[in-house]
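Using the sequences plus the hints, can you model the full thing?
From first to last, the protein sequence lines stand for chains A and B.
Position in the first sequence counted from 1, then plus 715, gives you the numbering used here.
Position in the second sequence counted from 1, then plus 715, gives you the numbering used here.
Accuracy of the hints is not assured; some may be wrong.
Same chains, same names: a pair is fine if it fits in one copy or spans any two.
[What the hints assert, rightly or not] Below 20 Å or equal to it, Euclidean Cα-Cα: the simulated SDA-like pairs (lysine to any residue) are:
| id | residue 1 | residue 2 |
| --- | --- | --- |
| 1 | K1110 | R1098 |
| 2 | K778 | P1016 |
| 3 | K772 | E901 |
| 4 | K1039 | G1066 |
| 5 | K808 | K824 |
| 6 | K1197 | E981 |
| 7 | K808 | E819 |
| 8 | K771 | P1016 |
| 9 | K798 | L825 |
Keep in mind the hints are simulated off the structure, nothing from the lab.
There are 2 protein chains.
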Amino acid sequence: MAPKAPKTAITPTREEDYPEWYQQVVKAADLAENAPVRGCMVIKPWGYSIWEFIQKKLDQRIKDTGHENAYFPLFIPLSFLEKEASHVEGFAKECAVVTHHRLESKDGKLIPTGELEEPLVVRPTSEAIIGTSFSKWIQSHRDLPLLINQWANVVRWEMRTRLFLRTAEFLWQEGHTAHSTAKEAEEETLKMLEVYREVVEETLAMPLILGTKTEREKFPGAVATYTIEGMMQDRKALQMGTSHYLGQNFAKAFNVRFTNIDGDVEYAHMTSWGVTTRLIGGLVMVHSDDDGLRLPPKIAPKQVVIIPFITDPEKSEVVMNATKDVLAKICSLKYNDDSIRSHIDQRDMRGGEKGWYWVKKGVPIRIEIGMRDIESGTVTLMRRDKAPKDKMTVKIEELSTVIPKILEEIQSNYFAQAKAFRKQHLHEDIENFDQMITFFTPNNSDKPEVHGGFVLALWCGSTECEKKLDEHKLSIRCIPLKQRKKEGCCVICDQKASLDAIFAKSY
Amino acid sequence: MAPKAPKTAITPTREEDYPEWYQQVVKAADLAENAPVRGCMVIKPWGYSIWEFIQKKLDQRIKDTGHENAYFPLFIPLSFLEKEASHVEGFAKECAVVTHHRLESKDGKLIPTGELEEPLVVRPTSEAIIGTSFSKWIQSHRDLPLLINQWANVVRWEMRTRLFLRTAEFLWQEGHTAHSTAKEAEEETLKMLEVYREVVEETLAMPLILGTKTEREKFPGAVATYTIEGMMQDRKALQMGTSHYLGQNFAKAFNVRFTNIDGDVEYAHMTSWGVTTRLIGGLVMVHSDDDGLRLPPKIAPKQVVIIPFITDPEKSEVVMNATKDVLAKICSLKYNDDSIRSHIDQRDMRGGEKGWYWVKKGVPIRIEIGMRDIESGTVTLMRRDKAPKDKMTVKIEELSTVIPKILEEIQSNYFAQAKAFRKQHLHEDIENFDQMITFFTPNNSDKPEVHGGFVLALWCGSTECEKKLDEHKLSIRCIPLKQRKKEGCCVICDQKASLDAIFAKSY
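See below:
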């Protein structure tokens, strides 16, 4: 018997093998690939273009909230990193270290020479180098608040890497601010968390839970770390961004001081916050299906792709002209304050093959135009949020209203679907540790793969309890900002507890 | 006798000490500063914002010409670099080399551990890593042309650094393309040179000479290097960008092959081209005067700054309301297809001090509004291309026509002034090497500083002659694309020659 042809564009399906499905979706959409350099990735044009749309939106919001972009060095001298003890401890195990500044040929092989007096670390994050600049820039309360953002590459020497989710080098933005009061710095931390929520939920259509990290999970050197956590389709959590209230820790380490209004010298109160190319991994894992990528229209590099169907070569010009007219019409429309991004696929390839190509790339709307359509003054339209074979016929004169409307529907549908999925897999009924372990353990039922999710339960707040999660590969993802204000027992130790926490497996 | 107060906002003046004047203009405009890391710079918000406007314009042109952005790893394994012999030779002496991937505390000091099996070079340029990807991506002539661009940071371990002009780390874009024929690759090289000319001349208002580099000055590994050269106000040349025709050199080194239409396997024909944050150094040196930076309106982060003059505190609200009305009016105007970027300077500071602050930052138009202006329905307007004390009175209702007109005039004036300066200092009358040396040597006349410039003269084409320039710190900047087609004698060896070349000192 011949092997059964796959029924989906992506093999394996999510149910069959989620991690491998992820790799295949990334590959089929041509988003990125592993670089020949250990742990690094090449972000290919389709993936990079998504990053550019994320950047554009986020950069606008960062500027709207009063921040200015700047650029700081890639290299951090060891002595700078050493200044904040817990900070360096957090990053020392995964640093790329530059020790030499030239190469010489010896016995036909290049070897590093010109040893540096002080080794340089390739920035894993820039608190140390930016803190050093801030200490020069800030003298008086009139220099505050200082609100800076940087778009950059950073390096963390991860041993197990996965495209977008965890790579040795990744791209990000990192905000760094200094304030004259603790209150103002705390407000800034939450303001930027809200900017992240807005962009991730409203533009990337991924629902989030906002909360604080536990002492054990917070950023090395921070007083408090706030996080945005999303649920992937394997029901694991992905941390999609963090905002840190640094208190005066870094100000003391890097001597960031100011003269206050009374003439006294104080240490500044600081924050830092960042999101990375990991968001693209989140997009893949939250929205995609067994036919490949599904992109929220607001960040799709192309929102509408038009495929001309030429069956009779003599009619080729007629079809192409009609196609170009439709393109012009669509490009003149607006969606989300921008001109709609449309494209004609003119490649020398079968129409069906083209259709699947764009399905796998996640384009929200495909339009087919053939002689039959032209004769009836219509086009054939397919939506990425419906089944691939689901076609609608739309009159050409109605495209101007239909296209923006469908784009908005797809954007909302993706968000609603992800939200419904999360709701379905967020459990509030787990009452003790045994139940929790059972819940997170694959069983032998018909669907062994359906287990786990987010558990919202009470936690007593002790690190002892938290550590018991480790051997089960579970963790507290966050203490949600929205608390149920319930009294009860810790789901781990059964002692009195009133703090809501989200428990889950995670990336 | 008390020292004379300086008559200019910048000390020293260009005439007194050009290199120091440059540093002081950069400092007074708050563009950038030396980082505490050897050879690196911190690009401050005003400088980075200029870079963002350059990026926006150039990125649009790069995309308009069919290129797509992507991102490749920061690190290049030594073995990749070794593949193109002249390429590695060109960069080996100035590479940052990563040799370890973690830090350990030993006797209270951090030391690098986890030695890498193969050291990694921090990219000085990305031909080696991108060539490796291209060899995977390209199989058939249908995969060509492949047109990729990257915005990134690169590192070259320069020993003598100067803000923007030469730093160990800098920001740039690097285009990398592959084509099926030599002709197409050569056309691409020239097309991107023209894109650079357009952006640098029309947006940055800096006149250029386009030409090819000599064999000795070309990019390591290229067949031919094209350059855009500008004249600074000390009459030295600045190379502002290059476009390389790589032939099949890198295709052979990195095995970039394709099956042509006849089914035969061929090596691809490649190009690469880049411009860097050095352009900002060029802007400073071409346009600025002894009062500081002068920014062409098209890339000025703020084009119009409004300064309210409040002499009577009781009238404060009246003045502020009038100021806000003027701001709203200006922001609703367009210049160069964008809304005009305007700003009210409300800082608690004397009006005159504010005025000089914006003069030094290079803002094209300043507007002052006081009670007297309000009573007469006018504002006081100052242009950065006129003397600081030169004020005009403009009726408020005329601002809508006057502001865009003046911005365009300033943009054209800067270009015209720079072009006139270059014309004045481009000499075609130097006939032999003695005259050339004299021309480039400071003399004891009244103005010892006025010497040198660009010499356009004939060159026989020999490397021997070219090398004679070295001891005089001169070089051939380029063989201009526009040749005079003159027969005559080489300005160095007096032998027969017909090739026009530009001789100059340079950065």
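Alpha-carbon proximity between K778 and P1016, which holds within one copy, between copies, both or neither at 20 Å:
Between. Shortest inter-copy distance 13 Å satisfies the 20 Å Cα cut-off; intra-copy 23 Å does not.
Which holds for K808 with K824 at a C-alpha limit of 20 Å: within a copy, between copies, both or neither?
between (29 Å within a copy, 14 Å between copies)
Cα distance capped at 20 Å. Does K798 pair with L825 within a copy, between copies, both, or neither?
between (35 Å within a copy, 11 Å between copies)
Checking K1110 and R1098: alpha-carbon separation at most 20 Å within a copy, between copies, both or neither?
within (16 Å within a copy, 55 Å between copies)
Given a CA cutoff of 20 Å, do K1039 and G1066 count as a within-copy pair, a between-copy pair, both, or neither?
within (17 Å within a copy, 57 Å between copies)
Up to 20 Å between alpha-carbons, please classify K1197 paired with E981: within, between, both or neither.
neither (34 Å within a copy, 63 Å between copies)
Evaluate K808 and E819 at a C-alpha cut-off of 20 Å and name the case that applies: within, between, both or neither.
For K808 and E819, only the inter-copy Cα distance (8 Å) is at most 20 Å; the intra-copy one is 29 Å.
Is it within, between, both, or neither for K772 and E901, if the alpha carbons may be no more than 20 Å apart?
neither (24 Å within a copy, 37 Å between copies)
Evaluate K771 and P1016 at a C-alpha cut-off of 20 Å and name the case that applies: within, between, both or neither.
both (12 Å within a copy, 17 Å between copies)
In the structure shown, a violation is registered for the earlier hints numbered 3, 6, in ascending order.
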